[in-house]
Every structure is written in structure tokens, then in C-alpha cells.
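Protein sequence lines, in the order shown, are assigned to chains A and B. Residue numbering for the first sequence is 5 to 183, as defined by the numbering used here. Residue numbering for the second sequence is 587 to 772, as defined by the numbering used here.
Bear in mind the hints are in silico, worked out from the structure with no lab data behind them. It is possible that part of the hints are untrue.
Some chain B residues close to chain A (C-beta under 8 Å, calculated; not the full set) [as the list claims (entries may be wrong)]:
hint, residue
1, D608
2, K697
3, V699
4, D714
5, I717
6, A724
7, A725
8, D735
9, Y767
Quick reminder that beta carbons are idealized off the backbone N, C-alpha and C, glycines included.
Read off the chains here:
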Amino acid sequence: MAHINLKEGVPGIKSLALFRPETGKPLYALVEILLHGPSPLTKDERELVASYVSYQNNCMFCYQSHSAAARRLYGAADFIVSEVINDIDTAGISDKLKSLLRIADKVRISGSAVLPHDVEEAKNHGASDREIHDTVLIAATFCMFNRYVDGLNSFTPSDRDVYDEMSKRMVQGYVLQTH
Amino acid sequence: MPYIPLEDHLPGITGLLEYRKDTAAPIRELTQILLRGESTLTEGERELIATIVSHRNSCRFCTAAHTAAADILLGETESTAQVKADHHSAPLSEKMKCLLTIAAQTQESGKAVTTQAVQEAKDAGATDLEIHDTVLIAALFCLYNRYVDGLATVAPSDPGFYEGLGKRLKDNGYNRLPQGYDHLKK
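Given only the sequences and the hints, what does the whole structure look like? Please build it.
Printed below as a string of C-alpha cells:
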């Protein structure tokens, strides 16, 4: 049961945004601009960063929803998502994306865990300043969402189909539906 | 030196919020609502939540900035000092101490927030909305602290800098200054 009086049966972040729509609005706006707005990183790459950080933070609601969205965006290459979750080093992704995911995981641990050589490595693999910035901000943002969702013990559905359905709307856009 | 090119006259978070203004807008809006919007918690109490989380995340810039803002708003410096050392012994209401415990648990992990801590806060008179806002403020500062340190922004060593920043946070809140920040160039 949630720690506060959230609407029964409404999952995760949505139940929280309905509890306090005033804060829900900028929270949805932030995730929309970060994951779908202008960025040199593709949408699937950004969902991958969100999924990886959420998984490492053990936030199952955010992990399952964002990994479902990432799979949908990767399409035929959807196996990439589980490869990354299992082991970044052996996943079938570019060296640049690997180094960005390593930075994301450092951010998750602590901001000061990101060291100059982590950034150097990403730059050597062709990452731009903006890609590094966006990776750090996505990782930091999911450190917020993961804590918000679990800190109030909001509802985490166990049925995988729920997340698959959810991801159809997520890839269209992060819009708070108030009904 | 920051990992990406940021403006020299804007240390800490400000340079980042000016680097990418489209993502800064909802972050600023959220912060303004949570820390300066209508609430049964005072602005000073809410700054204490920002302070304890930033301190526990070892984020020097955010800790100094929100300590300064809280000190100005509370009109004393003992609360921030105690909150960073041991919030249970701070000169605060029982309810506020319970909320700070929830904030400290949130800083660790969402899953670290215990039913017992929430119950104790409720027993001390905390409302659902106060508990909600405490968790969200704590979570938001987990974002800020990582953003600020993850890109190695500069934390000035001059205490005077934070006094000025604390005053700006009291007078202007978290909205972007209408005139921007060019006047801070020396």
C-alpha cells in the first residue's frame, strides 16, 4: 500500500501526478523534453539510459515501463535492452553508447563518482558535450523519479502486459492524462 | 573545470540551467512550486530538506547554497548546522524532524523509506501532502546534486558568494531572472 492516499489501482508516477497535478505538470514536461525533445541522442538511446539507471536503482516500475518503451523503439533489435541490462561491456551497442551508459551509472552512484577519465573515454569514442550533458541529466532525472515512485511506495503492477500497453503511449509522448 | 563548456561567471547549477534552457524551464518551475509555492511547511523548513539531502549527497555547491538560503529565511544558523550534524537534535518541531528522517531515507533510495518513518511523521501531525512534498523535494535534490557534480561544475570557495546566492534565492526564488545573468559578469 502506498504511504499516502493515492488513487487505488493507478500505477507509479501517474498516481503521484494525479495526487498533485501542479507538480505533475512540470515533471511530465521534463521527461517529455529530455526523452523526446531535441538531442543528438536518439529516442531509443535515451530510453535505454532511463531503463539502465532505473534498473540499477532497483525501481521496478520505472525500469519495466521505460524498458518496454526502449524495446518498442528498438523494434527488431529489441534484444539490445536485455543485453545492456545483463552486461554493458558485451552488449551489441557502440563504444560511444557504452561509455555514456558507464557515465550514467556513475551519476546514479553519486555526481562526484564521474571522473575526468570517464568523460575523456566518452569523448574519445566521439561523444559530444551535449551528448554527455544529456546523459548526465537523464541519469540524474531518473534518480529523482525512482526515489519519488518508490519513496511513496506507489503501485507497481506485476503484469508485464500492463507495461507493454503503457509503452505504446509513452513512445507517442509523455502527456499527463487526468482521467 | 567543468566537463562541458559552461559560462565562467555562472558556477554550480546556474551555468547548467543556462546551458540548456529548455530542460531548465520545467526543473525551475518544479522547484519554485515545491520550495516557494503555497505550503503548510515554511520556506525555511523546505530549504532544510534541500540542505540535508545535498549534504548527505556531499554536494558542496548545493549544500552551501541551501544552507545560506535556509539561514536567511530562518533568521538563525543553528538549525542548518544541526540538520547536517544530527537532525534529531536540531531545534525543530517533532514533525519536522520526522520529515527530515524521511528526506534522509529518500536520499539513500526510494525503497529505504520505511512505513515506520511515515507513520511517525503522521503521528507527529504531518499530512499526506507534507509527506509527498518532502519525498519529492528530497528526490529533486538527488537530481540537482548529481547534475551539479556529475558535470564537475565549479563550487566557489568564497563564503560571500553563497551569501549573495542565498539572498537571491530568498528574494527571487527559483524562476529564471527576467533579465538573465549577464549582470553577474565581472
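Right, here's what the structure says about each hint:
1. The beta carbon of D608/B comes within 6 Å of a beta carbon in chain A, closer than 8 Å, and the hint placing it at the interface holds.
2. For K697/B, the interface hint holds, since its Cβ comes within 8 Å of a Cβ in chain A; the closest pair sits about 5 Å apart.
3. About 5 Å separates the beta-carbon of V699/B from the nearest beta-carbon of chain A, less than 8 Å, and the hint is met.
4. Look at D714/B: its Cβ gets to within about 4 Å of chain A, closer than 8 Å, so that hint holds up.
5. About 6 Å separates the beta-carbon of I717/B from the nearest beta-carbon of chain A, less than 8 Å, and the hint is met.
6. Interface hint at A724/B: satisfied, since its Cβ lies 7 Å from the closest Cβ of chain A, which is below the 8 Å cut-off.
7. Given the 8 Å rule on beta carbons, the hint for A725/B holds: about 4 Å separates it from the nearest Cβ of chain A.
8. Interface hint at D735/B: satisfied, since its Cβ lies 3 Å from the closest Cβ of chain A, which is below the 8 Å cut-off.
9. This hint is violated: Y767/B has a C-beta 18 Å from the nearest C-beta of chain A, more than the 8 Å allowed.
Violated hint: 9 only; the structure is consistent with all others.
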